[in-house]
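Student: As a plain string of letters, each chain reads:
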Amino acid sequence: MNWDWSAVSDFMPDFWKGLLVTLQILLLGSLISFVLGLVWALLMRVPSRWVTWPVGAVTEFVRNTPLLVQLFFLFYVLPEWGLTFSALSTGVFAIGLHYSTYTMQVYRAGIEAVPVGQWEAATALNLPLRRTWTAVILPQAVRRVIPALGNYVIAMLKDTPMLMAITVLEMLGHARLFSQEHFQFTEPLTVIGAAFIVISYLASLLLRALERRLVH
Amino acid sequence: MSQTVSGSASGPTRRSLLAGVAALGALGAAGCSRVATASSTKGGDLLGRLRAAGVVRLGIAGEIPFGFIDKNGELTGEAPELAKVIFKRLGIDRVQPVPTEFGSLIPGLNSQQFDVVAAGMYVNPERCEQVIFSDPDYQMLDAFIVRKGNPKGLHSYKDVVAKKAKFATGTGYAEIQYAVEAGYKESEILIVPDQVAGLNAVEAGRVDVFAGTALTVREVVKKSAKAESTKPFAPLVEGKPHVDGGAFAFRPTETKLRDAFNVELSKLKKSGELFRILEPFGFTKAEMTDLTAKELCGG
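In order, the protein sequences belong to chains X and V.
When the count follows UniProt numbering, it moves up by one through the first sequence with no breaks and lands on 216 for the last residue.
When the count follows UniProt numbering, it moves up by one through the second sequence with no breaks and lands on 299 for the last residue.
Next up, chain X with everything else stripped away, as it sits in the complex (with noise of 0.2 Å):
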C-alpha cells in the first residue's frame, strides 16, 4: 500500500467543501426530525382516530422503507409531478423526514414516562390543555430524551454519505470524484473516515455534557 501525502493535500480543499456541505445537511436534518417527531408524536396523542391513524400509517411507511430508495424517490420521481427541488433541499429533507419517524417514538417515550401525577396537578389548577403541555408535560419529556434523540444524530451523520446517490457532494462524494480523477482511493476515503470519527467523537462529548446539565 503506498500513502501519499500529495494526494491528501489536494484533497484538503475539496474536503473542506464537502465537510461544510456534510455539516449542513446534518444540521438541518436534525432540526427538522426534531420538530417534525414532536408533531407526529403529538398528533398521535389526539384522542380521535381519524387523526391518529393516517398519521400512524405514514410514519409507519417512512420508518420501514429504506432511506436511499426515498431519496431516489424524492429525488427522480417527485419532477415528474412537477415538483422539483435542489439535490442538497431534497435530501435535507428526506433524511429529516426519515429520522423524524425514528425521534416521534424518543418523544412518545419520554411523554409516557412523565409521571401520572403530573396530569393530575394540572387537571387540579385548572390549567388549560396548552399550558399543560407547554409547561409542565413538554419541558420534563424532552429533558428525558435528549441522551436518545443525540443517538439518532450521530446515526444521520453516518447517514449523510447516502446523499451522494442524488448528486449531492457531501464528504464522500467530493472523495469519490477525486478518486476517479486521479485515481488514488486511500488517502480520500481514509481522510474523510477519519473525519467522520472525529465529528461523531465530538459530537458524543458534547451530548454527554448536555445530559449531564439538563438529566441531573
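Derived pair list, reagent style DSSO-like, types lysine-lysine, alpha-carbon separation capped at 27 Å:
no., chain 1, residue 1, chain 2, residue 2
1, X, 17, V, 166
2, V, 231, V, 158
3, X, 17, V, 164
4, V, 148, V, 222
5, V, 185, X, 17
6, V, 148, V, 158
7, V, 223, V, 166
8, V, 240, V, 294
9, V, 164, V, 185
To be clear about the criterion: a stretch of chain X counts as covered by chain V if any three or more of its residues have a C-beta under 8 Å from a C-beta of chain V, and this derived list gives those stretches:
no., segment
10, 83 to 96
11, 171 to 180
Keep in mind the hints are simulated off the structure, nothing from the lab.
Ideal placement from N, C-alpha and C gives every residue a C-beta, glycine not left out.
Starting from the known structure of chain X, fit chain V onto it as the hints suggest.
Tutor: Same frame as chain X, now just chain V:
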C-alpha cells in the same frame, strides 16, 4: 440503528482508547497484503491464463450503445460484440460482463475486478497514464442533451459558458475536461452517475445541458418527450477541434494481450467486418477510424 452514546456517565479511559487504536492499526496492516497485480513475465501472461480459463471478464458501464445488458439479459453493445469476436479468435470462447459505473472502470480494471474495459472508452492522456489502450475502433464527436427546442441555443462548450447555462455530465467523462477548457468552473459542474440521470436532470430543469458522446446522447433522448439532442460537434482541445476515439483498456502490465488484440482488430478493420459489427448499434462510416492509441495518448 446503532446506539453510539453509551448510557454510562464515564467515557472510555485514555488507556482503553489507545489499545483500541492500536488494535485498529494492526487490523489495517493485516488488510494490506494484496494479490500481486503484476506477473513476473515481461508483457504479462494474462492471455495464457485467459485461454486456460476460457473466459474473459469485461468491464462495462451500462451505456447504450457502447456496452450494456439488453432486455433479454444478454450482454451486447459496440464494445462487447467486438470483444466477443476478437477474443474468440484469440482462443477465448466466453465473455463475462462486469457492470459498473463509468467512473469506476479504470480503478476496477487496475484492482483486478475484470480483465478488459469494453465500454467504448475514449483514449485520452490522463487515462493513458493509468491503463494501456488498444487502437480505437471508432471515432466520435460530442453532443448535448437540451430541453425541446434548445431554448438557450446551446451548440458548443463555448455557448454553455457564454450563456451561463447550468452544465452536467457523467462521472469520469472526458466531457468534464472539455467544459473546463472552454472556461466552465469545474466545481459548478453537476456530476451525475450516467446518461439517464443526465437526461432526468435536463427534463427536471436542474440543468440546461448534459454533455456526452453524440451516440449516447442520440440513443438516450429517443424515449424522451421533453428533451432533444444537439447536432454533433467537435470539442476544442488546446484551441483545435478534437476528434475522440474509443478503445479497449488493459492493465499496464499486459502489453502482450493488448498487442495480440490490436493485430486482430486491424484485420477486422481491413476486411470491413468491423463496420458490420458496429453498424447495428447506430455507427456510420463517418465513425470508422485510422487513429491510433499512441496519437490520442499524446506521446
